[in-house]
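Position in the sequence shown counted from 1, then plus 18, gives you this note's numbering.
In case anyone wonders, no lab produced these hints; they're calculated from the structure.
Being a predicted model, the structure only gives us computed values, none of them experimental.
Take these hints with a grain of salt, some might be off.
To be verified - Simulated crosslink set (EDC-like; lysine to aspartate or glutamate; CA at most 16 Å straight-line):
id : residue 1 : residue 2
1  : K61       : E140
2  : K61       : E130
3  : K322      : E291
4  : K47       : D119
5  : K200      : E182
6  : K73       : D196
7  : K322      : E373
8  : K61       : D135
9  : K372      : D315
10 : K73       : E193
11 : K101      : E246
12 : K340      : E330
13 : K103      : E296
14 : K322      : E283
15 : K47       : E109
16 : K73       : D194
17 : K103      : E246
18 : K47       : D31
19 : K73       : E109
20 : K372      : D334
21 : K340      : E373
22 : K340      : E359
23 : K333      : E359
24 : K340      : D309
25 : K103      : E242
26 : K103      : D135
27 : K101      : E242
As the list claims (entries may be wrong) - Pair ranges (Cβ atoms, derived):
id : residue 1 : residue 2 : range
28 : E291      : E137      : 50 to 60 Å
29 : E137      : N264      : 37 to 47 Å
30 : K333      : G177      : 24 to 34 Å
Even glycine gets a Cβ: it sits at the ideal position worked out from N, Cα and C.
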Amino acid sequence: MDATAHDQIHELDALVVGAGFGGIYMLYKLRNELGLDAVAIDKAGGVGGTWYWNKYPGALSDSEGFVYQYSFDRDLYEQTPWKTKFVTQPEILQYLNGVVDRYSLREHIQLETGMTDAEFDEPSGTWTVRTDRGVTYRCRFLVTGLGLLSATNMPSFPGIETFEGRLVHTGAWPEDLDLTGKRVGVIGNGSTGNQVITASAPIVAHLTSFQRTPQYSVPAGNRELTPEQIQHHRDNFDAIWDQVHNSSTAMGFVESTVETFSIDEAEREAVYEKAWNEGGGFRFMFETFGDIATDEDANEEAAKFIRRRIAEVVKDPETARKLTPTDLYARRPLCDSGYYETFNRPNVTLVNVKENP
19 MDATAHDQIH
29 ELDALVVGAG
39 FGGIYMLYKL
49 RNELGLDAVA
59 IDKAGGVGGT
69 WYWNKYPGAL
79 SDSEGFVYQY
89 SFDRDLYEQT
99 PWKTKFVTQP
109 EILQYLNGVV
119 DRYSLREHIQ
129 LETGMTDAEF
139 DEPSGTWTVR
149 TDRGVTYRCR
159 FLVTGLGLLS
169 ATNMPSFPGI
179 ETFEGRLVHT
189 GAWPEDLDLT
199 GKRVGVIGNG
209 STGNQVITAS
219 APIVAHLTSF
229 QRTPQYSVPA
239 GNRELTPEQI
249 QHHRDNFDAI
259 WDQVHNSSTA
269 MGFVESTVET
279 FSIDEAEREA
289 VYEKAWNEGG
299 GFRFMFETFG
309 DIATDEDANE
319 EAAKFIRRRI
329 AEVVKDPETA
339 RKLTPTDLYA
349 RRPLCDSGYY
359 ETFNRPNVTL
369 VNVKENP
């Protein structure tokens, strides 16, 4: 892969592709700790990775804020201003921009620059990386921090070309879009669809949820932390991160080792009830019992509890039926801010696309 004459060729020690959580940390590590000549590139117009692109209504972390941040600098950790259990997209984006400026990384990040190809040369031990801006980088180390959510997938189906409304993707949400008073259709009901539906329903004229597969979801229980809780996180910095780095879920809590059927039905119900009221999808799946993800009968017990709650919350029996999963409780554990309650609103309609293709 020879660089053409019009290419700018930059010689570096390391190139980082991506400026989200991982890319920012790697740039800090390479430059500030190892003293290497390193640059990061990102196709976005700003840093933040998934939190730059996903600006849709209701965007919220499903990891608790006290562990959804960097752990390499205790002073940074103690100065993080988050005051709630979970953290909103604007707060996370502001945090990442603050980190970039705090450690003087911004001048070493090239935005609106995408990698088009990369090739490793064995004899010289170097990478040659081309970009869509006509800049070629040669480096010893290439670090890819592309993330799992870096590309959108706009569905294609008959009739979409004649749709006269506005088509948007949550992974490339336009800043000028205001849904107030609009007729809105949401395709999908995973973590993102769950959040969009719940946040948008109160402001739109009408919302239609197009659902293929119903989801298990539990309350997020998002709330303000007490000053004592915030101070506890700061005082126990080392213990918290030691637990995170040595746990199976890395979510900031000790996973249960209690087997579902080692206690009686009333005790099980109390455990589920407590987890439901306190909130958090990962806590419900992994802090209640240790075999929900590994034993089919244990999984079914947890699933039955959630199904009962759906039936209690959703007033219309037919809507409740459509919202009730019958498969394993085995996807990414969702949490919400009133997802099932949203379908009691008169301006919300649910369409099961399997039953009504």
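Taking the hints in turn, this is what the structure says about them:
no.	hint	verdict
1	K61 x E140	violated, 28 Å
2	K61 x E130	holds, 4 Å
3	K322 x E291	holds, 12 Å
4	K47 x D119	holds, 15 Å
5	K200 x E182	holds, 14 Å
6	K73 x D196	holds, 12 Å
7	K322 x E373	violated, 23 Å
8	K61 x D135	holds, 14 Å
9	K372 x D315	violated, 27 Å
10	K73 x E193	holds, 8 Å
11	K101 x E246	holds, 11 Å
12	K340 x E330	holds, 14 Å
13	K103 x E296	holds, 11 Å
14	K322 x E283	holds, 12 Å
15	K47 x E109	violated, 23 Å
16	K73 x D194	holds, 11 Å
17	K103 x E246	holds, 13 Å
18	K47 x D31	holds, 13 Å
19	K73 x E109	holds, 11 Å
20	K372 x D334	violated, 19 Å
21	K340 x E373	holds, 10 Å
22	K340 x E359	holds, 14 Å
23	K333 x E359	holds, 9 Å
24	K340 x D309	violated, 27 Å
25	K103 x E242	holds, 6 Å
26	K103 x D135	violated, 41 Å
27	K101 x E242	holds, 6 Å
28	E291 x E137: 50 to 60 Å	holds, 57 Å
29	E137 x N264: 37 to 47 Å	holds, 38 Å
30	K333 x G177: 24 to 34 Å	holds, 32 Å
Checked against the numbered hints given earlier, the structure breaks hints 1, 7, 9, 15, 20, 24 and 26 and satisfies all the rest.
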